[in-house]
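K.L.:
Residue numbers (the working numbering), protein chains in the order written: chain A, 72 to 505; chain B, 23 to 190.
Quick caveat, the hints were computed from the structure, so don't treat them as lab data.
Be aware that a few hints might be false.
[As the list claims (entries may be wrong)] A few chain B residues that don't get close to chain A, going by computed Cβ distances all over 12 Å:
#1 Thr28
#2 Asp32
#3 Met45
#4 Gly70
#5 Lys71
#6 Pro75
#7 Ile119
#8 Val135
#9 Gly152
[Stated by the list, open to error] Interface residues of chain A toward chain B, partial, derived using beta-carbon atoms under 10 Å:
#10 Leu125
#11 His141
#12 Lys149
#13 Gly198
#14 Thr219
#15 Phe247
#16 Pro248
#17 Asn471
[Claimed, not checked] Chain B regions said to be covered by chain A (calculated; three or more residues, Cβ under 8 Å):
#18 37-44
#19 47-57
#20 83-89
#21 102-112
#22 177-188
Here a beta-carbon is modelled for each residue, glycine too, at the ideal position from N, C-alpha and C.
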Amino acid sequence: MGMTVAEKILARASGRPATRAGDVVEPAVDLAMSHENAALVMNQFRAIFEGTGLEAKPWDPTKIAVIFDHRVPAESPKTATNQKRIREFVVLQGIERFHDVRGDTGGICHQVLPEYGYVRPGQVVVGTDSHTTSHGALGAFAFGIGATEMASVWALGYALNIEVPATIQVVVEGDFPSHVGPKDLILHLIGRLTAQGANFRCIEFHGGTIRRMSTSGRLTLCNMTVEAGATAGIVPADDETLRYLREEAGVEEPTALVTPDADATYVETIHIDVGKLEPQIACPHTVDNVKPVGAVAGQRVDQIVIGSCTNGRLDDLAVAADILRGKKVAPRTRMLVFPASARIYAQALDKGYVADLVRAGAVVMNAGCGPCLGVHEGALGDGEVALSTTNRNFKGRMGNPTADVYLCSPAVAAASAVTGVITDPRIGPRTGGN
Amino acid sequence: MPRVVTVLGDDISTDVIYPGRYMATVLPSETPQFAFADHAELNAKLKGKQIPPGSVLVGGQNFGCGSSREQATSTLKGHELVIVASSFARIFLQNSINLGLRIVTAPGIEAAVGDELELEADAVVNRTSGKRYPIVPLPAARQAIIDAGGLIAFTKRRLVAERGGAAG
Ligand code: SF4
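Next comes chain A alone, as it looks inside the complex (with noise of 0.2 Å):
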């Protein structure tokens, strides 16, 4: 019998010659992320040592990232020292792959490490984010952990009793109408998945349009495979996968790809097609509740935001300059650009994206998570209307709770910043400067 990638992966990380969907297994972890909430996870780790007579050593250091993302520069006093501690920590665990506020090397978890190589095919990802999920873009079986759970993986390097999730397989055929993508087709899938018709399992993404999509669009589609309640998301490794980990993240040593066995059990099958898909957009208060653009167009907007770790990269970015350049943010519109990391920032600029953008009134601010879960900067006033790129709605999730969030692509998301309305994007502002 077959197996799916997720039980490939799961079987070699836990020396099994194979794994079956159901199977609870401790598999061997081969990159374990933090954020700031990395603090919280010090604090667990040593809570395990503590009577033990041991010393409150990880693992294995070189397998741990600590990336600062949420709340760059920091917003307060309280995150300040957060942050401070854990600086120390990661000196004295001698932890390398640490990613500080820096206007070189940082930016947003998701992004950065995927960006530096340290995600790879056929790898066991944990991360203390639910977006980890990201990272099965590069066909890495990649989940979110709790601290306390991230503290124990600190400390054994396993993650204890995770079940072999059963694969839903999607299969995307067909060629995106222009102004259409994958944060559309993702939407769409969520929508007819509902928030929690992939809880506990894997979807495993296949057919041309996925073969033909860069690492970026797999990124955007495995980030939100969560919020249809998956464990985790997989594109199969594949060419592009060794161009990006080549090109993008220097990779040099050569890469297996994981593929799954053509006999392998999926436990739902999804075709989808589309050549006729409309933009989409995820209304107020649940990521579920997608409805095409036309539904809600002429909502008014009193706060575009285009960036996080699900479509802040450069071709998120050049697909709003293209529709940018030479026009304006309409005057009661504000507009909030954040690249996913400083790599997309500094191309960005060499572009001259970020000249097109700020010329047409957006803000553009440092890589980072910025107002995506609405602790840091770009709050939303009481009754106000987002319109994001990001990943989440729920109600107070910018920061007010009286505030409505509706969810969409660069694409969409930047035409309704021309009008301040929700726009179409193939009837509103064409792309160029008149």
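Mind docking chain B with the ligand on chain A? Use the hints.
P.N.:
Chain B with the ligand in isolation, oriented as in the chain A frame:
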């Protein structure tokens, strides 16, 4: 017998349970004050100690969806609430087991504020409505963490077994 103190719908996210802006607070002893911070009435009752320990919060499907923030678990644990819901999101479920928050999966659970719920070994009985809702048991491997007294204690034991040292 425990009483239901609030009834929430489906897809209650961790952003609702513990808003992101309080995430710089990492000490479990300090998180309870921010439970349902954007839900003023419930937050005030919890902070004012008007809700007795052991009270039940009833949720629908996919309770605790969203982020992996463990504060969403420690904040409820701090008030010694019991969460009964039709289903739980994966990371929240695991965090609850790890930290010892009592959660009960009872598909289809229906209750109103003030109802008395009896938590039996294999079912939740709503004494007020007379209805009985079978419980979906936790997988055995997860039950082992609860039996050990939480993940810190469980991992401590493993660690000592693997690296030597004193049993904590
Ligand atoms: S950008 Fe938003 S979703 Fe992504 S890691 Fe940061 S806070 Fe989380």
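K.L.:
Indicate, hint by hint, whether the structure satisfies it.
P.N.:
Results for each hint:
no. : hint    : verdict
1   : Thr28   : holds (15 Å)
2   : Asp32   : violated (8 Å)
3   : Met45   : violated (6 Å)
4   : Gly70   : holds (20 Å)
5   : Lys71   : holds (24 Å)
6   : Pro75   : holds (22 Å)
7   : Ile119  : violated (9 Å)
8   : Val135  : holds (20 Å)
9   : Gly152  : holds (29 Å)
10  : Leu125  : holds (4 Å)
11  : His141  : holds (7 Å)
12  : Lys149  : holds (4 Å)
13  : Gly198  : holds (8 Å)
14  : Thr219  : holds (5 Å)
15  : Phe247  : violated (28 Å)
16  : Pro248  : violated (31 Å)
17  : Asn471  : holds (9 Å)
18  : 37-44   : holds (count 5)
19  : 47-57   : holds (count 3)
20  : 83-89   : holds (count 5)
21  : 102-112 : holds (count 3)
22  : 177-188 : holds (count 10)
This entry does not satisfy hints 2, 3, 7, 15 and 16, going by the numbered hints stated previously.
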